[in-house]
Amino acid sequence: MTYLKKSPWVIHYDASSCNGCDIEVLAALTPVYDVERFGIINTGNPKHADIFLVTGSVNEQNKEVVKNIYEQIPEPKVVVAIGICAASGGIFRECYNVLGGVDKVIPVDVFVTGCAARPESIIDGVVTALGILETKRLAMKEKGNETMDKSGSAV
Amino acid sequence: MTKQIIIPFGPQHPVLPEPIHLDLVLEDEMVVEAIPSIGYIHRGFEKLVEKREFTEYVYVAERTCGICSFIHGLTYCQGIEEIMQVEVPERALFLRTIWSEYSRLHSHLLWLGLFADSFGFENLFMNAWRIRERILDVMEQTTGGRVIQGSCKIGGVRRDISGEKLGQMSKDLDSIGQELEELTNVFLRDASIKHRLKNVGVLSRDDAYSLGAVGPTARGSGVSLDMRKTGYAAYGKLNLETVAENDGDCYARCVVRCRELFTSIDLIQQAVRKIPDGPTDVKVTGTPDGEYFTRSEQPRGELVHYLKGNGTKFLVRSRIRTPTLTNIPPLVKMLQGCELADVPVIVLSIDPCISCTER
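Chains as they are written, first to last, in this note's numbering: chain A, 1 to 155; chain B, 1 to 359.
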């Protein structure tokens with residue numbers, strides 16, 4: 001965890017899950033699991049976020065919302081799809097209004113399995129995402145288009 | 001006339017764990033009208049009954065909502081059992097009651113936390129969820145799942161709880177009760193919380209009744225409706241006092257839920273004392289032929305499952321009417337005339353569960 005120089009903030013959106021994964025995401029933020037010890041804070045504003053946590057599959061009405069939130073998150077960003085519904089549609093995959101996993105509309109970096117995903121595996125997914133976030137940041141730095149301030153730390 | 005402006009609220013909003021969209025028509029800071037639109041989490045799984053066998057559909061029914069999952073499974077099983085005239089063993093009925101009440105405890109604690117967050121008390125949010133983890137631990141120990149249990153099946157339950165464990169659970173509830181006492185004291189006595197909640201989002205008794213409010217939303221307005229009084233599962237054998245308040249504001253709804261936490265603890269302890277020995281399931285043969293409306297009390301209010309079978313292993317129709325759906329018209333009524341800054345508190349005061357609503 002040496003690369004954890006910054007506090008990564010997460011944004012959570014419930015695409016069309018049953019709620020099970022959503023409350024587990026929130027449970028991961030609260031005292032027993034407490035991801036705030038890693039500096040991770042749940043924010044409601046996409047512009048503040050580094051990691052996008054999506055639960056549930058996408059449908060006709062919410063795919064625009066998911067895309068919209070994804071596009072508003074500044075680079076570098078990582079998407080974590082939580083629960084089996086976000087990966088493939090899960091138990092609801094044959095429903096008429098389910099298009100499939102979140103990867104149908106936005107690129108996904110980490111898939112967290114489970115129905116509902118346990119807080120431990122959500123934390124594991126987020127920690128994996130931190131590594132990917134760092135790789136992406138370094139790649140951007142090499143390309144030279146990183147948004148930097150004068151002191152050289154990434155924004 | 002003041003100029004009207006429309007402010008969209010949701011689907012993605014910091015205070016909402018789930019997406020619902022409201023168009024708020026404002027005159028200055030006052031909401032004159034709220035126009036809800038839903039459909040962001042619609043999956044359409046009621047139609048899955050045509051593709052899943054009626055015994056397997058329990059899993060789908062449970063995933064209507066991750067918060068009251070157990071009660072959805074129970075209600076579905078109850079309906080099928082009525083159609084097929086299955087006699088469920090007593091012990092299974094008591095276990096279902098115990099798990100239902102644990103679901104209610106965890107749901108109400110979850111709500112208290114989110115509600116606290118909506119009026120800016122983050123520490124209170126954390127504390128409510130800390131106590132909730134103790135409830136979830138018991139759920140996990142007894143059913144194997146934290147939020148989705150999968151322990152209900154047609155003809156009974158999948159797992160038994162040993163007498164020793166039941167005694168332990170009942171004892172633990174005493175200490176959980178003490179912690180809840182402390183927590184609810186803050187909700188009910190704190191001056192700034194009272195200031196935020198009193199006379200906010202008032203729903204009169206007549207409105208609550210005529211707009212079809214259910215559950216704590218109705219009980220907060222003095223309509224004493226509780227489906228547990230119909231005596232499904234083992235509720236008929238337990239002594240249940242319906243909690244109702246008369247003010248109809250956000251504070252009253254909060255009081256109802258706080259007091260219901262203690263009724264749930266009491267119900268579980270009564271059930272532990274009265275639970276009979278015996279088998280926990282019966283073998284079910286045949287297929288459902290007929291239709292049935294089955295009702296139960298979710299943490300959010302009255303839940304109705306309509307089931308229709310035609311003698312094959314696939315049902316023809318399933319229809320779920322969830323409490324939040326019927327609580328949306330009262331919500332729209334509450335929002336009329338409130339201030340913009342109170343909207344999050346009022347929306348959360350009905351305990352919206354959008355996954356249920358949109359199915």
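Keep in mind that the hints were calculated from the coordinates and are not lab data. Don't take every hint at face value.
Unchecked claim - Only some residues are given here: those of chain A computed to face chain B with a beta carbon under 10 Å:
(1) Trp9
(2) Tyr33
(3) Val35
(4) Phe38
(5) Asn62
(6) Ile132
What the hints assert, rightly or not - With a Cα cut of at most 27 Å, we get these calculated DSS-like pairs of lysine-lysine:
(7) Lys194/B <-> Lys313/B
(8) Lys63/A <-> Lys6/A
(9) Lys47/B <-> Lys63/A
(10) Lys165/B <-> Lys153/B
(11) Lys313/B <-> Lys63/A
(12) Lys104/A <-> Lys51/B
(13) Lys153/B <-> Lys104/A
(14) Lys165/B <-> Lys274/B
(15) Lys237/B <-> Lys165/B
(16) Lys6/A <-> Lys47/A
(17) Lys51/B <-> Lys283/B
(18) Lys313/B <-> Lys47/B
Glycine residues also receive a C-beta, built at the ideal position from the N, C-alpha and C atoms.
Quick rundown of the hints versus the structure:
The interface hint given for Trp9/A is violated, since its Cβ lies 12 Å from the closest Cβ of chain B, which is over the 10 Å cut-off. For the restraint placing Tyr33/A at the interface with chain B, the shortest Cβ-Cβ distance is roughly 8 Å, inside the 10 Å limit, so the hint holds. Here the hint on Val35/A is broken, as its CB sits about 12 Å from the closest CB of chain B, past 10 Å. Checking Phe38/A against chain B by beta carbon gives a least distance of about 16 Å; that is not within 10 Å, so the hint is violated.
Because the smallest distance between the Cβ of Asn62/A and any Cβ of chain B comes to about 5 Å, under 10 Å, the interface hint for this residue holds. Interface hint status for Ile132/A: violated, as the beta-carbon distance to the closest one in chain B is roughly 23 Å, over 10 Å. A hinted pair counts as satisfied when its Cα atoms are at most 27 Å apart, and Lys194/B with Lys313/B does not qualify at roughly 54 Å. Restraint check: the Cα-Cα separation between Lys63/A and Lys6/A comes to about 30 Å, which exceeds 27 Å; the hinted pair is violated.
For the hint linking Lys47/B to Lys63/A, the alpha-carbon distance of about 22 Å falls within 27 Å, and the restraint holds. The hinted pair formed by Lys165/B and Lys153/B meets the criterion: a straight-line CA distance of about 22 Å does not exceed 27 Å. The suggested pairing of Lys313/B with Lys63/A is violated, with an alpha-carbon distance near 35 Å, which exceeds 27 Å. Straight-line distance between C-alpha atoms of Lys104/A and Lys51/B comes to about 24 Å, which keeps the hinted pair within the 27 Å bound.
Simply put, Lys153/B and Lys104/A have alpha-carbon atoms about 34 Å apart, too far for the 27 Å limit, and the pair is violated. A threshold of 27 Å between alpha carbons decides the hint, and for Lys165/B with Lys274/B the separation of about 15 Å falls inside it, so the pair holds. In summary, the hint linking Lys237/B to Lys165/B is supported, as the alpha carbons are separated by about 22 Å, within the 27 Å threshold. Annotation: proposed proximity of Lys6/A to Lys47/A holds, straight-line Cα distance about 16 Å (limit 27 Å).
At most 27 Å may separate the alpha-carbon atoms for a hinted pair to count; Lys51/B and Lys283/B meet this at roughly 23 Å. Under the criterion of a C-alpha separation no larger than 27 Å, the hint pairing Lys313/B with Lys47/B is consistent with the structure, at around 14 Å.
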